[in-house]
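Quick mapping for you: the protein sequence lines, in order, are chains A and B.
Going by this note's numbering, 240 is the number at position 240 of the first sequence; the sequence numbering is gapless.
To get this note's numbering, take the position in the second sequence, counting from 1, and add 357.
Hints in this document: simulated from the structure, not taken from any laboratory.
One should not assume that every hint holds.
Unchecked claim - With a cut-off of at most 30 Å between alpha-carbon atoms, the simulated BS3-like pairs for lysine-lysine come out as follows:
hint	chain 1	residue 1	chain 2	residue 2
1	B	Lys470	A	Lys143
2	A	Lys160	A	Lys31
3	A	Lys217	A	Lys92
4	A	Lys217	A	Lys81
5	A	Lys104	A	Lys206
6	B	Lys452	A	Lys267
7	A	Lys81	A	Lys22
8	A	Lys81	A	Lys143
9	A	Lys206	A	Lys160
10	A	Lys268	B	Lys452
11	A	Lys104	A	Lys15
12	A	Lys81	A	Lys92
13	A	Lys267	B	Lys470
14	A	Lys268	A	Lys206
15	B	Lys452	A	Lys31
16	A	Lys143	A	Lys116
17	A	Lys268	B	Lys389
18	A	Lys22	A	Lys206
Keep in mind the model is a prediction, meaning the values are calculated, not measured.
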Amino acid sequence: MANVLDLRRRIRSVKNTRQITKAMKMVSAAKLRRAQERALAARPYARMISSVLQSLIRRVDIYDETTGNLRHPLFITRPEKRVLLVVISGDKGFAGAFNANILKTAYQFIAGNGDKEIDIEAVGRKARDLMRRRYPAAVYTEKTDEYGGKTMVREPRKGKVEVTGDYPGLLLNLETSRVMDLAHSIISRYVREEIDAAYIVYNEFKSVIQQRLVVEKLLPLLDIGSPQITGAVEPSAEERERAGEAALSAGIELEPVDTAEADEEAKKFGTANVDYIYEQPAEELFAGLLPQYIFAVLYHAMTESVAAEHAARMTAMDSATNNASEMIDSLTLYMNRVRQAAITKEIIEIVSGAAAL
Amino acid sequence: MAGETNQLRVRLVTPERTFFDRTATAVELPSKTGHFEVLYGHAPLLAELGAGDVTVHIAGGLESNSPDAARYNVSWGFVEVLPDRVTILASDALKPEEIDVPRAERQLERGQKMWLEAGESEEAYTEALRVISEAEAKIASASDARH
Numbered sequence: 001m002a003n004v005l006d007l008r009r010r011i012r013s014v015k016n017t018r019q020i021t022k023a024m025k026m027v028s029a030a031k032l033r034r035a036q037e038r039a040l041a042a043r044p045y046a047r048m049i050s051s052v053l054q055s056l057i058r059r060v061d062i063y064d065e066t067t068g069n070l071r072h073p074l075f076i077t078r079p080e081k082r083v084l085l086v087v088i089s090g091d092k093g094f095a096g097a098f099n100a101n102i103l104k105t106a107y108q109f110i111a112g113n114g115d116k117e118i119d120i121e122a123v124g125r126k127a128r129d130l131m132r133r134r135y136p137a138a139v140y141t142e143k144t145d146e147y148g149g150k151t152m153v154r155e156p157r158k159g160k161v162e163v164t165g166d167y168p169g170l171l172l173n174l175e176t177s178r179v180m181d182l183a184h185s186i187i188s189r190y191v192r193e194e195i196d197a198a199y200i201v202y203n204e205f206k207s208v209i210q211q212r213l214v215v216e217k218l219l220p221l222l223d224i225g226s227p228q229i230t231g232a233v234e235p236s237a238e239e240r241e242r243a244g245e246a247a248l249s250a251g252i253e254l255e256p257v258d259t260a261e262a263d264e265e266a267k268k269f270g271t272a273n274v275d276y277i278y279e280q281p282a283e284e285l286f287a288g289l290l291p292q293y294i295f296a297v298l299y300h301a302m303t304e305s306v307a308a309e310h311a312a313r314m315t316a317m318d319s320a321t322n323n324a325s326e327m328i329d330s331l332t333l334y335m336n337r338v339r340q341a342a343i344t345k346e347i348i349e350i351v352s353g354a355a356a357l
Numbered sequence: 358m359a360g361e362t363n364q365l366r367v368r369l370v371t372p373e374r375t376f377f378d379r380t381a382t383a384v385e386l387p388s389k390t391g392h393f394e395v396l397y398g399h400a401p402l403l404a405e406l407g408a409g410d411v412t413v414h415i416a417g418g419l420e421s422n423s424p425d426a427a428r429y430n431v432s433w434g435f436v437e438v439l440p441d442r443v444t445i446l447a448s449d450a451l452k453p454e455e456i457d458v459p460r461a462e463r464q465l466e467r468g469q470k471m472w473l474e475a476g477e478s479e480e481a482y483t484e485a486l487r488v489i490s491e492a493e494a495k496i497a498s499a500s501d502a503r504h
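Chain B extracted, bound-state conformation:
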């Protein structure tokens, strides 16, 4: 079914470098408004990504923990989906095993403190929520990798 022609070209670009450029059968993306998955032939789409995991399924397997899937944690990103191509711009990308868990936990604490101190300022709340969700996504992604 998944012939040569039904492959997506997936690129992940970070400010520092082009992280990878490969073909895949499917990509899972953490959009700001919820997770979604892209297969070959998807309608053109632009979306902002929130903190979470980008999972690239290389061949066949759709289990996110199968050896055929590669997972990367991103904290902010932007994605362009075309029928045969997916380009992800991410502010940074980490493999789950590269995540510094104690640091993420400290970030979570800092975020919670910011949230408590935000007072009436809406801006401060949004910023605190962003920090918290980033830290939570990192911790979740790292703990998934261990199991």
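Next up, chain A with everything else stripped away, as it sits in the complex:
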């Protein structure tokens, strides 16, 4: 039987751990609040871009009347042979099953598309580390063409699945220019026919209790404005309840903020029932707007994923704090029992000693 001193030490150490997990939970809650605000602030732009594109597509045929060509190469659909998968995970651990679930969904997607060649773009450090370990990185070499211009040429594939890029630290500040770079790189690959489709795997986040893991189709553009979700994993009722409890104790709103009015307002952008004068020809408008649309979808996915990561960490840390409290209680109980047993033993010794006299 352990002695009282050892138990006291253990209780002290568990108390320290509880303090740390509690602090981490509060930090995550504060970060979550900020991430939620950012996701909310980013919404009008995304809504406006998609509504103006929708209205443009309604008014202007995506095929040119005279030449019969598509007005923008992103409208082309090809049979899916080569697929790009953007995996958005978290940067850090200690977030429960958050990263594991995202990667599991990504692996399932890869396994389900075994006949296709898949390129992976890893956003977030966890996705990068694990994808790198599992799949070879694509190799590019610089080639000089006959005019002296330099182009990057991709070497033959080493496997069906390759990691083509990663973006360490992107989720930390979510700089729009870097997200834009990713959007442009995806578009140029699609236009060059290096890929036939693009998907994003990320954790959708409407509020702490309304979130799910989704696989969203980014390209080809079929129906602008409504997300093309091809796969979704809902959290279990138990997980949702845990997340709700954690949010309540940290003072986070459970219901998503009502933005219906602002959304309605944003939806009106470029859709008024009048004949607009188009300053530029439709081709140019599409060329300017479509990259912004792709950007907006990616940015939206990233802001939501960041919020979801903080929410997951908050929940995990709340559970850890609760577990630590329970452990302290049971250890204290045990310690008292041990102490009582020692006292009882001493009394018996004294009494039996006295009786022997």
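We have chain A; now place chain B onto it with these hints.
Same frame as chain A, now just chain B:
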């Protein structure tokens, strides 16, 4: 003349947030094909914006340096003009005093280098020109603010 009813509602929205939402008498916009100004009652219009300054005239004054005008540098944007409303979507918006001039100058150098190295590729030229015009617009906007 400029009564309450003749005010435009101007909104500038960037990917990160709604930058501002206010009323104004006139807005100057840097369209891809040239600058233009919008007053109350303008015909409905959709236009793509290039790199340049968006100037919002708040009350009366039409001088772009008057204290009643607010100027913002944008590098790409899209605008919807309705008779009583102007909504600008911009990839980013900076006040002239917020512009990092040395950084813009470095961007200009990079653009010029890209232009020299573009070779025969039309795409590379367009990209280089875009970088150059963005940098030039930033520098011009920042230097206007100082005078």
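Each hint, compared with the structure:
| no. | hint | verdict |
| --- | --- | --- |
| 1 | Lys470/B - Lys143/A | 19 Å, holds |
| 2 | Lys160/A - Lys31/A | 38 Å, violated |
| 3 | Lys217/A - Lys92/A | 26 Å, holds |
| 4 | Lys217/A - Lys81/A | 15 Å, holds |
| 5 | Lys104/A - Lys206/A | 21 Å, holds |
| 6 | Lys452/B - Lys267/A | 27 Å, holds |
| 7 | Lys81/A - Lys22/A | 48 Å, violated |
| 8 | Lys81/A - Lys143/A | 26 Å, holds |
| 9 | Lys206/A - Lys160/A | 35 Å, violated |
| 10 | Lys268/A - Lys452/B | 27 Å, holds |
| 11 | Lys104/A - Lys15/A | 34 Å, violated |
| 12 | Lys81/A - Lys92/A | 33 Å, violated |
| 13 | Lys267/A - Lys470/B | 41 Å, violated |
| 14 | Lys268/A - Lys206/A | 22 Å, holds |
| 15 | Lys452/B - Lys31/A | 28 Å, holds |
| 16 | Lys143/A - Lys116/A | 27 Å, holds |
| 17 | Lys268/A - Lys389/B | 23 Å, holds |
| 18 | Lys22/A - Lys206/A | 25 Å, holds |
Comparing the model with each numbered hint stated earlier shows that hints 2, 7, 9, 11, 12, 13 do not hold.
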